[in-house]
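Chemist: Same order as they appear, the protein sequences are chains A and B. Position 180, counted from 1, in the first sequence is what full-length UniProt numbering calls 180; the numbers after and before it change by one each time, with no gaps. Position 98, counted from 1, in the second sequence is what full-length UniProt numbering calls 98; the numbers after and before it change by one each time, with no gaps.
Derived by calculation from the structure, the hints in this document are not laboratory data. Quantities reported herein were computed from a predicted structural model and do not represent experimental measurements. Just to be clear, a hint being listed does not mean it is correct.
One copy or any two copies: either way a pair holds, since identical chains are not told apart in the list.
List of simulated lysine to aspartate or glutamate pairs, EDC-like, C-alpha gap at most 20 Å [what the hints assert, rightly or not]:
1. 49 / 24
2. 79 / 137
3. 47 / 20
4. 95 / 118
5. 95 / 8
6. 47 / 137
7. 95 / 173
8. 79 / 184
9. 49 / 30
10. 47 / 177
11. 141 / 54
12. 79 / 177
13. 49 / 20
14. 141 / 184
15. 95 / 138
16. 49 / 94
Number of protein chains: 2
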Amino acid sequence: MARNSTRENIITAADRLFYERGFENSSFADVAQLVGISRGNFYYHFKTKDEILDAVIRRRIEERARMLDAWVDTSQSPKESIAQFIRILLMNEEKIRRYGCPVGSLFAELAKLNHPAEGGAREVFNLFRIWLRRRFEEMGKGQASDRLALHLLARSQGVAMLARAYPTEPFLEREAEELLAWLETVAEG
Amino acid sequence: MARNSTRENIITAADRLFYERGFENSSFADVAQLVGISRGNFYYHFKTKDEILDAVIRRRIEERARMLDAWVDTSQSPKESIAQFIRILLMNEEKIRRYGCPVGSLFAELAKLNHPAEGGAREVFNLFRIWLRRRFEEMGKGQASDRLALHLLARSQGVAMLARAYPTEPFLEREAEELLAWLETVAEG
DNA sequence: GTCTATAATATGATAGAC
DNA sequence: GTCTATCATATTATAGAC
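Using the sequences and the hints given, assemble the complete structure.
Modeler: Structure, rendered in structure tokens:
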């Protein structure tokens, strides 16, 4: 992976632009310019714009799956793994303030466009949902695990949205702390 | 207001389409067709597409300001007013599941487009923020009022996002109940 | 594999008749 | 106030040379 082939470079550039400017608002010309190739060369690697979108979504899923695996490997407990999830809000703070959550913003855009790839974007949510559910199950939360997973996902999405609306205020850090405190009460209860 | 003039009809149609399909994805042709006028007639009422967007945002702010005033008038307590705010998730459940929150989705789109009207879209958030802050102040929450207002706004946004991602699941009702329970604990604490 | 045209279409916007 | 052209531009996509 991360081969320096033109195809991989296209996916990397598209991934970035789709996040920073949105999918519809990113043209082939924009991506081609960022990669440093001509628009025509584009179509040798991808027949349609939707194919690039699919490739971007697949890569995002793969990257996040690896990240989630690593969190499980490096954490001492499921609670610590979930805390890692909450802390990505802080790790990506600057980007979230500027562009929101990449998962939520792409899904929201594709859903509004009624785009065929909406399902693929939802899969990224699913990845986190299922991973979080497993961690809560390991914490002994049983039937409540899925509810807790969705709750935490929703809280994170809301924090990202408001952090973008009020990027200069210390809102994101405060809410991340509240989420970590919430995690403690869940662990105790 | 709600005059049946062509101008008002255009704003109404644009408001709906911007919500259901997004701003960029709604063309003049789409709006004109919904209103039942020609594309050319359009430019007699609005010189640019951005002017329509501004008019839509202004109307949304006015409508919501009236709604918030009405909630204060019909509620017995500030807590009851805030509960009304939470219940709009349930009142608009079907639309939220299909199109998300109109406030959040328009703001997110304009922010990603780096559109000049992003500030106007943020004003809708501000309207709710300030209103909620006042209610919490009336509940005696003092300096914590703004933090509580932003927290509730973020929670609502997150619920709307996940409700759109999982529209067939009973997620929204459950989270609305949790928010009402949260409001009780805030009132007691 | 990469390039330079070029086609085909959609869209925001304008001009002018009625 | 509303209409029918029409323009100008951007964008996805294709054809074919190198």
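Chemist: Run every hint past the structure and note whether it holds.
Modeler: These are the hints, each one checked on the structure:
no.	hint	in the structure
1	49 / 24	both (10 Å within a copy, 17 Å between copies)
2	79 / 137	within (10 Å within a copy, 35 Å between copies)
3	47 / 20	neither (23 Å within a copy, 29 Å between copies)
4	95 / 118	between (23 Å within a copy, 17 Å between copies)
5	95 / 8	neither (22 Å within a copy, 39 Å between copies)
6	47 / 137	neither (43 Å within a copy, 58 Å between copies)
7	95 / 173	within (14 Å within a copy, 31 Å between copies)
8	79 / 184	within (8 Å within a copy, 27 Å between copies)
9	49 / 30	within (12 Å within a copy, 23 Å between copies)
10	47 / 177	neither (46 Å within a copy, 47 Å between copies)
11	141 / 54	neither (35 Å within a copy, 48 Å between copies)
12	79 / 177	within (15 Å within a copy, 25 Å between copies)
13	49 / 20	within (17 Å within a copy, 23 Å between copies)
14	141 / 184	within (13 Å within a copy, 24 Å between copies)
15	95 / 138	neither (31 Å within a copy, 36 Å between copies)
16	49 / 94	neither (29 Å within a copy, 31 Å between copies)
The structure fails to meet hints 3, 5, 6, 10, 11, 15 and 16 from the earlier list, while all remaining hints are met.
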